[in-house]
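Engineer: Okay, here's what each chain looks like letter by letter:
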Amino acid sequence: MADGDKIIDVEDVSQRLGENQILKGVTFAVRDRVRPGTVTGQIVGLLGPSGVGKTRLLRIIAGLDAPDTGKVTGPSGKPTFAGEVGVVFQNYPLLKHRTVLGNLLIAGAANGLAADAAKKKANDLLSRFGLDARASYYPAQLSGGQRQRVAIAQQLVRQKTILLMDEPFSGLDPESLGNVMSLLVDVANMDELNTIIVVTHDIRAAMTVSDTLFMLGRDDPKAKPPAGAKIQKAYDLVAEGLAYRSDLEQDPKFLALEQEIRAAFQKL
Amino acid sequence: MSLANALLPNRAVDRGMLVAVAGFWAALALVIWAVSPFQSLPGPLEVYRALGTLWWEHGMGPELLTTLKLIVHALGFTVALSMLLSYLTVIAAFRPVVAAVSKLRFLGLTGLVVPFTMMTGGGYSLKVVLLTFGMTTFFVTAMAQVVVEIPREQFDHMRVLGASEGRILWEVVVLGTLDKAMDILRQNLAIGWAMITMVEGISRAEGGIGALILNQNKHFHLAEVYAILFVILFLGLVLDYAMGVVTRVLCPHSVLERMKR
Ligand SMILES: Nc1ncnc2c1ncn2[C@@H]1O[C@H](COP(=O)(O)OP(=O)(O)O)[C@@H](O)[C@H]1O
Ligand SMILES: [Mg+2]
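Protein sequence lines, in the order shown, are assigned to chains A and B.
In terms of this note's numbering, the first sequence has 215 at position 208, counting the first letter as 1, and numbering is strictly consecutive.
In terms of this note's numbering, the second sequence has 452 at position 250, counting the first letter as 1, and numbering is strictly consecutive.
No lab work stands behind these hints: they were computed from the structure.
From a predicted model like this one, the values you see are computed outputs, not experimental measurements.
Since no wrong hints were added, every one of them can be taken at face value.
In silico contact screen, one side only, chain A against chain B (beta carbon under 10 Å); selected entries:
(1) Ala89
(2) Ala116
(3) Ala158
Ideal Cβ positions, reconstructed from N, Cα and C, are used throughout, including at glycine.
Just chain B, same shape as in the assembly (with noise of 0.2 Å):
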């Protein structure tokens, strides 16, 4: 019967169900990888050799810390500077500025970094611009359409219960849109980490898991870049676990709306 759900469309299953789902569709992959006929490729055994190595050898874990504190402190810059481009849009004389914001994520970060080194001096500074620049882009993109979308009902609404405009714009405005914030918080922590080694490799001196990286892809050292990319994986992975938790305790009624789907 259990079974049964999983296999046929729009049926709803388990919790037992789903971990046994996702342990066979882990397992397949697997095989499929230790068979695999690319022989040239490293095999599950040499990765996990290859981690060890990473880990007790090379510093891999100060390495993973110099980057989260990169991804952290970047992501707070972005936060800050995303929001704040939200919000103005409720004030028609900052929308094109928004609007103009949004569009440069068209640009990607390739062409900026000589730019950004001159006004920067380089470094771990230039590293924090670069990320939330890629960040603040697709934020400011996604955010300011959900502010654009509260529908008008939410204010008038507010206003026929005599609220001043500062309360609306705080409860329907800031409040109301908390829980989406925080979704799009989410995908654009995704995007940051997608683009963390791309930018540690710019100036490899701080070092960072995307340093580690390229100077083991430089040594065709397979394993080892098999290595860092499933600790990639994971600890995005982990980041974005803790997301979806923190957005719950901060907003218990975005749980409750995606249920009555």
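Okay, chain A solo, but in the shape it has when bound (with noise of 0.2 Å):
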């Protein structure tokens, strides 16, 4: 692959759900980052106001729910599958009858991977998420942000190019949101075709990871019935010079623009 080779290509997806048009026309593409002696992985943050459609878009990328038209098509060419994205939901699902080790253990088999391969791997990423005395924990006795920790490190134990994030900022204590969002661009460093995509409407933390920004929302929010959410805008953040940098909650050029961006929400 090559800088701006498409990783996901999402064409004219429209879904409803009853009486309500919930997307109509959402067509998005994620294309390959490319920073020569580095490994830059993707980061595209999709933000939206609540109830506009974000999680049924997630779901309809990951293969779980199939379009009413349109199709998205994964790093393969082919249409993404179940089993080929992986998935954080908002709530962090778990298996409550497993221990986190045997959350990650479960991971593996389910995946097909060796048994000992996934110990391995399972065992190197609970060390890398501060998790290692936490192996034998239930998920009852977990933190919130532990959970969120596992629920990540759990679609991690077979490696995936995409990863979908559904609210992965919601409900964390500043220490929390910072550790989650350097957590996230290590996690897609970690190869030259690792794609994040975070859905959520945290309009700071998302121009903060990300190197794209998408805006979902309705052309007219208050029209009845609604017309479906489409993209309304798109950002790219590294011809904006705001990526890949840690300084960036004081550069001016962010914060105007992070005015702009929650101007242009307050319409949709």
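With the hints in hand, could you dock these two chains into one complex?
Structural biologist: So this is what it looks like as structure tokens:
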């Protein structure tokens, strides 16, 4: 792959649930970012107000639901299917009858990984995520932040190119938020093709971690019946010079763009 | 301080306090019984003596064993049948069958004695079938509900991990509900235990605690009847406690989830 090659291609995706047109003609592509001399994955922020259809779109990209029209093509050039794409759901479902380690091992087994390979990978992930001491805990014994990290680690047991995350920033204290953001950047940069799509309504957090932002919204939110949501706007933060930096929040340009996005958000 | 916790709403108490509170109520119950104005009912001492008579002269021990064997036998069939039926609800084609079995609980056992006697030839197998029928209808009702209520996200979660439908069935439907199944089993043991005297009364030749209590009843040996009732209650509680222990060993996570409440 080379700079600009498509990793995910979402074409004209629409979905209707009962009377409601949720999505209508959603089209966007995620492309490989190449920075010579580095391993640079992709982080894409999918922004949109609450209830606009972000989770529905995520399920379609994950291959869990079929769209009414359009298609989602993965890195293989074929439509994505359930199991191909990692998904960290919003409330971090885990198998409650298995320990933290057990949850990771199940992910290996489900993906057809050999038992000893899965065990090694699981233990690596636990130490990387600071969870070694929690390996034998049950999900009921974890804090919210620990649960989130286990859910992420579970998706990483078997290396997958694409990882979708639904609202990973919600309900976190500032310190945990920072930790999750750097965790995402680390995970993305583990492989050149790694691509994380972060679904969120948190504008600042999305701007901080992403190299590309897409805004999902309806043309006229007050219209009755509401029209389906589509991509209203895209921001290339690399082109803006607002990616791959840790000092973003002091940059006036960052703050100005944040204001701009916030204003646009109000109208969606 | 600790006593205040026991008397005010929404407070937790430690184990010692719990025992003290339980002891207080037990003692109160005993006092009320001893000074009870219903003079025709046997007092605590009479019941205690009757217990000795029953044990040493009427062979209560072996009768108990007979009853235990019956309930364990029926429980085994119930578990096998009910679990199979409940898991089958994941296949749409089987749902009407499971729903029908569940509805049969409204029939009650009395009217079924005759047809079941004709099918089984009566005796021990009739009792096993009656008990199994009684417990299965309740077990399936509760367990099928548990399976239906598994959140869809748990299936999606496993699908995203690349699990096959067979593995999803095993992890989410079977293992994921095991703690609830054990709880239901525990309730069903109580239901079965409550039915035991009635079922054993249908055919008394094989004996059992139910036959014993009916014989004492016939002769108005009230103290003996009370003694047997106490034994039935006590054994029921022991069985219930044992089931709790088994659940905790099989599903250690179930205890954790309860403590979080
Ligand atoms: N199963 C469903 N049936 C009908 N409508 C649904 C269903 N799930 C979600 N919706 C509706 O679709 C819209 C988008 O939902 P969702 O994708 O969850 O929003 P969000 O952008 O907050 O993730 C919401 O208005 C919601 O009411
Ligand atoms: Mg959502």
